[in-house]
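Which chain is which? The protein sequence lines are A and B, in order. Its first residue numbered 256, the first sequence is counted upward by one per residue in the working numbering. Its first residue numbered 256, the second sequence is counted upward by one per residue in the working numbering.
Among the clues, some could well be false.
Any copy will do: because identical chains look the same in the list, a pair fits if it lies in one copy or spans two.
[As the list claims (entries may be wrong)] Here are the computed lysine-lysine pairs in the DSBU-like style, where the Cα-Cα straight-line distance is at most 30 Å:
#	residue 1	residue 2
1	511	286
2	271	405
3	590	258
4	258	637
5	304	271
6	376	258
7	664	609
8	405	258
9	342	286
Keep in mind the hints are simulated off the structure, nothing from the lab.
One-letter residues, chain by chain:
2 protein chains.
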Amino acid sequence: MKKVRIALLGLGNVGKGVWNILNSNREAIMKRSGYDIEIAKILVRDINKKRTIDVPEELLTTNADEIFNDDSVKIVVEVMGGIEPAKDYVLNAIRRKMHVVTANKMLIATNGQQIFKEAEKNEVVVNFEASVAGGIPIINGINESLTANKIQEVVGIINGTTNYILTKMTLENMSFEEALKEAQKKGYAEADPTSDVEGYDAVYKLAILSTLAFETEVDVNDIYAEGITKIKAIDIEYGKELGYVIKLLAIVKEVKGKLELRVHPTMLPAIHPLANVNDSFNAIFIKGDAVGDLMLYGRGAGELPTGSAVVGDIISVLRNDTEGSNVLIRNYADKEVVPVESFKSQYYLRISVKDLPGVLGKIATILGKNEVSILSFIQKPKKGEFVYIVIVTHETFEGNVNKSLENIKKLEEVNKIENVIRIENLDY
Amino acid sequence: MKKVRIALLGLGNVGKGVWNILNSNREAIMKRSGYDIEIAKILVRDINKKRTIDVPEELLTTNADEIFNDDSVKIVVEVMGGIEPAKDYVLNAIRRKMHVVTANKMLIATNGQQIFKEAEKNEVVVNFEASVAGGIPIINGINESLTANKIQEVVGIINGTTNYILTKMTLENMSFEEALKEAQKKGYAEADPTSDVEGYDAVYKLAILSTLAFETEVDVNDIYAEGITKIKAIDIEYGKELGYVIKLLAIVKEVKGKLELRVHPTMLPAIHPLANVNDSFNAIFIKGDAVGDLMLYGRGAGELPTGSAVVGDIISVLRNDTEGSNVLIRNYADKEVVPVESFKSQYYLRISVKDLPGVLGKIATILGKNEVSILSFIQKPKKGEFVYIVIVTHETFEGNVNKSLENIKKLEEVNKIENVIRIENLDY
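In isolation and in its complexed conformation, chain A is listed as follows (with noise of 0.2 Å):
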């Protein structure tokens, strides 16, 4: 059997997921690649720190050089996380001739490009299957098995916390801050929630798919995001009796040859699979011209999931491990994005306002007037001061919408703009 050494950078959640993995499916693993792998060296910020698990202190090392400067470590598994230092000793892995994998989204989605490019000139490979949605092999399914395809749409689940939260709220009448809670004390919700509930992480990783998707540079800066802090109880209640079910969503579309990048919370009708896709589990949904709807769910995180991603593409290298083997081409093009006020969606709006004659009356002239047809809409009985009034519009123009609720809100009955929720039919 051939050997191979390899390296890790970090020994966190992941880093111990890959251990173990590498341990307990040592033989399978071996079969599988056609090499037996050992790990050289482990990068940790604190040597004497206590794990959970039982590694050697030899491998244990707090000297990054200690590893490029090993010619026999032929894959350096970076599992650490972070923008810096992580780019910084990617890139010199890929200086010194040594394959990489990686599970970290941020440093995928910023900065990508260079890191390929260089991997590229040294005739080596990066993987990074894990960086995106754990365990699903949705890397791997846009850049090997739907290359026959013009995909035309990704729609994914692809923040655990987000949906764990929702789930929470849908299904068990939680509030946002008592499943917030919830999510907190099982691990899900980190205790400065911040990047989970406002979307960023689900940027990062949506910037990498549309990248992949749709084989263009896409920055993280050009994807719109909102997160889920405004979802009340009562939205979600209005959702259902409408047949739909709130998702935090990262969406990428092509439209007339323009993307339209997008992370918010969305109405999704109720028999939609992605709407069924409960506590922390993620999924994705990619509309292609040849293969038609297609959705991956699995695990979006966890020691093991993310660590099975890891580990698969630490094999996918060893089997491909002929030099000059990354064919991927990453000669990307630069698709515009479509500008907020032209994405195109249904909306529900929920509106406070006083419960005189003729208010819905004036809503509808005004939404008439900015080309935003109503579908549908619900009226609910007085509670205190104000009676709320649910609308439902056919697809417009988010410009419509926007400035139809500019001129509602100046209207002496309406007392506020209470929610507005974008709504995806994805033609299923």
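Given chain A, put chain B in place with the hints provided.
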């Protein structure tokens, strides 16, 4: 741009899909594969047949040797189906050092090992993504993405015809006969639907999936098969009452080193992701020791979805066109197969009995003696001479159920064992 010449064997639905995709997505495919793909020859049965696509007549031939004797052909795409002459052609192509892409489930399920050995010897690639579940990248998923895992279980809805029929029966209360007629009208079912409705089509696909997932040579004859013709509207109705949906599932599980291999109608919890796979869609659920639960969902048939898989396989050959790159280890073990009486499952039993006191007690006693314990039961009000007793058991061995039923049948109060349907909870 490098050029490559390929040949098609067959120009039926899948062949047409391949032709259309190669033409309509030509530029994207060039960019992704690095090759300009030229279709050199297409083997057909009748050159003068009217076709719905516009193929230059000089490409068509009825003589396979014209293809095999053309050294410039690098890839042979077998989309004719059936075992002979497809097998002969595929082996011929391999021996002439042509790579092979095939969509042929029967061929791979029954002669895969011989074909792969011949391919290894001749250092060519044989890709067969399209042979199972059309456009869903399940072969690539198991062979490439999940290599870090010990797969524990694969459960799939891999026959679109029966899924369409069961969906119509479940959501629109059609009878089996009505739903079958509808499926035939839509082109989902053939005039002779036996292979689909009796589960044989799913057996071939399951043989391929289990061979790959468990790295063992699975013989189609070792797979237990039961079709959906025995499913009555009333079973679907009682299933709903109990919280279950009926699907034709193809199941393989490793139980103490042996494989349970079976295709049969199954009751699934209504909230399981597979229970919500409707119409002619397919889906495959995989449990891996690292990745956890994973599901792939999409179009299991149709010219374009299946063509998507075939063309993806062609591109994959072109990207890896280094000699001997067919590194997939095909050194399979030979795992034992669990006999039917040792299947472990929960069971739904529908029994028609005379409405006499004590009959449930007698049935329960027999079940108890055979170590079958009852989870729940419903007794249905009298309609005709008999009443139905519906029993859901705890998990038990199939042998115990069968022994019980033999004795229950003999009770004078019992008219008939109307139906026995396995229930899978899939630990979801």
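Comparing the hints with the structure gives:
1. 511 - 286: Between. Shortest inter-copy distance 21 Å satisfies the 30 Å Cα cut-off; intra-copy 47 Å does not.
2. 271 - 405: Answer is between: at 18 Å across copies they meet the 30 Å cutoff, but 38 Å inside does not.
3. 590 - 258: between (44 Å within a copy, 28 Å between copies)
4. 258 - 637: neither (73 Å within a copy, 72 Å between copies)
5. 304 - 271: Only inside one copy: residue 304 and residue 271 sit 14 Å apart there, 61 Å across copies, limit 30 Å.
6. 376 - 258: Answer is both; intra-copy 26 Å and inter-copy 25 Å each pass.
7. 664 - 609: The answer is within: 12 Å in one copy meets 30 Å, while 70 Å across copies does not.
8. 405 - 258: This pair counts as between: shortest inter-copy Cα distance 21 Å, intra-copy 40 Å.
9. 342 - 286: For residue 342 and residue 286, the Cα distance is within 30 Å only across copies (28 Å; inside one copy 32 Å).
The structure does not agree with numbered hint 4 stated previously, though it agrees with all others.
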